[in-house]
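Note that the sequence shown ends on residue 993 in our numbering; no numbers are left out.
Hints were generated in silico from the structure; no laboratory data involved.
What you are looking at is a predicted structure, and each value in this text was computed from that prediction instead of being measured.
Using N, Cα and C, we set each Cβ at its ideal position, and we do this for glycine too.
Heads up, some of the hints might be wrong.
What the hints assert, rightly or not - For lysine to any residue, the following SDA-like pairs were computed, each having C-alpha atoms within a straight-line distance of at most 25 Å:
#1 Lys842 with Phe871
#2 Lys842 with Thr869
#3 Lys865 with Ala879
#4 Lys842 with Gly821
#5 Lys865 with Val849
#6 Lys865 with Trp917
#7 Lys842 with Trp917
#8 Lys842 with Ala879
#9 Lys842 with Ala915
#10 Lys865 with Arg811
#11 Lys842 with Ala888
#12 Lys842 with Lys865
#13 Lys842 with Met861
#14 Lys865 with Trp846
#15 Lys865 with Gly838
#16 Lys865 with Glu878
#17 Lys842 with Glu878
#18 Lys842 with Arg802
#19 Lys842 with Leu791
#20 Lys842 with Pro783
#21 Lys865 with His884
#22 Lys842 with Leu824
#23 Lys842 with Trp863
#24 Lys842 with Ile877
#25 Lys842 with Ala819
As the list claims (entries may be wrong) - What follows is a set of in silico ranges between Cβ atoms, one per label pair, in the way DEER data are often shown:
#26 Ile895 with Arg830: 38 to 48 Å
#27 Arg870 with Thr797: 22 to 32 Å
#28 Leu804 with Thr869: 19 to 29 Å
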Amino acid sequence: MQSRGRRGPARHRTLHLLYGVATANGRRLLADLWPRRHDLRDLLANGLYLLGRRPRPPRFARFGYPEKLEYWAVVWGTLIMGTTGLMIWFKLDVTRFLPRWAIEAATTVHYYEAILACLAIGVWHFYHVIFAPEVYPLNWAWWMAAPGRPTRTNRRQETTPLRPSSAPRPSLAVALPGLSRPVPEAVTPVCLRFANIREVIAKIGVAEAGPATRLTARP
Numbered sequence: 775m776q777s778r779g780r781r782g783p784a785r786h787r788t789l790h791l792l793y794g795v796a797t798a799n800g801r802r803l804l805a806d807l808w809p810r811r812h813d814l815r816d817l818l819a820n821g822l823y824l825l826g827r828r829p830r831p832p833r834f835a836r837f838g839y840p841e842k843l844e845y846w847a848v849v850w851g852t853l854i855m856g857t858t859g860l861m862i863w864f865k866l867d868v869t870r871f872l873p874r875w876a877i878e879a880a881t882t883v884h885y886y887e888a889i890l891a892c893l894a895i896g897v898w899h900f901y902h903v904i905f906a907p908e909v910y911p912l913n914w915a916w917w918m919a920a921p922g923r924p925t926r927t928n929r930r931q932e933t934t935p936l937r938p939s940s941a942p943r944p945s946l947a948v949a950l951p952g953l954s955r956p957v958p959e960a961v962t963p964v965c966l967r968f969a970n971i972r973e974v975i976a977k978i979g980v981a982e983a984g985p986a987t988r989l990t991a992r993p
């Protein structure tokens with residue numbers, strides 16, 4: 775039973791590799807996941823949006839930079855952890871060809887790469903599949919992606935071109951009394967899910983809930 779459990783992840787990786795190489799949909803998947811120059815522009819634009827310097831976030835194609843970073847981080851992490859792990863495991867054989875400091879360097883890299891992988895899952899991955907306003911309380915793509923049960927995320931991925939259009943899209947923002955401009959739309963879904971907006975404002979002390987508190991739509 776344990777040996778079957780160990781073979782499971784390796785079997786999945788092998789099938790995924792064969793799917794990406796041998797099928798048209800798989801080759802399209804890898805092409806869409808390949809990093810491109812516009813991903814850096816999207817990263818900078820999204821950073822400006824989160825800092826309140828842009829009115830709306832950038833529009834991504836089938837996969838944005840978060841998905842690409844997470845996908846290729848698995849590949850990179852597997853190579854790093856596998857190489858350094860083998861060096862630590864067979865240290866006597868490795869020191870026949872490399873100096874001893876190579877084993878110590880491999881141990882250090884292996885240790886911090888493991889910490890980085892845990893942080894990537896606990897912070898980066900959990901945010902994008904659970905706590906991000908557009909998917910909260912959970913991204914159901916893993917369950918709803920079966921044929922005949924398309925989700926809004928699947929429809930966006932299948933219909934959005936590689937480079938999205940620049941057409942504006944409607945978005946929600948909260949106009950708070952005493953503020954010169956509405957709160958960014960990334961914040962409003964969280965407020966609307968957890969409590970009434972008046973209660974949220976009263977609890978955080980931004981302003982006293984009053985008649986001026988309202989929801990507005992920006993084109």
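Numbers of the earlier hints that this structure fails to satisfy, in rising order: 1, 2, 6, 8, 10, 12, 13, 14, 15, 17, 23, 24, 26, 27, 28
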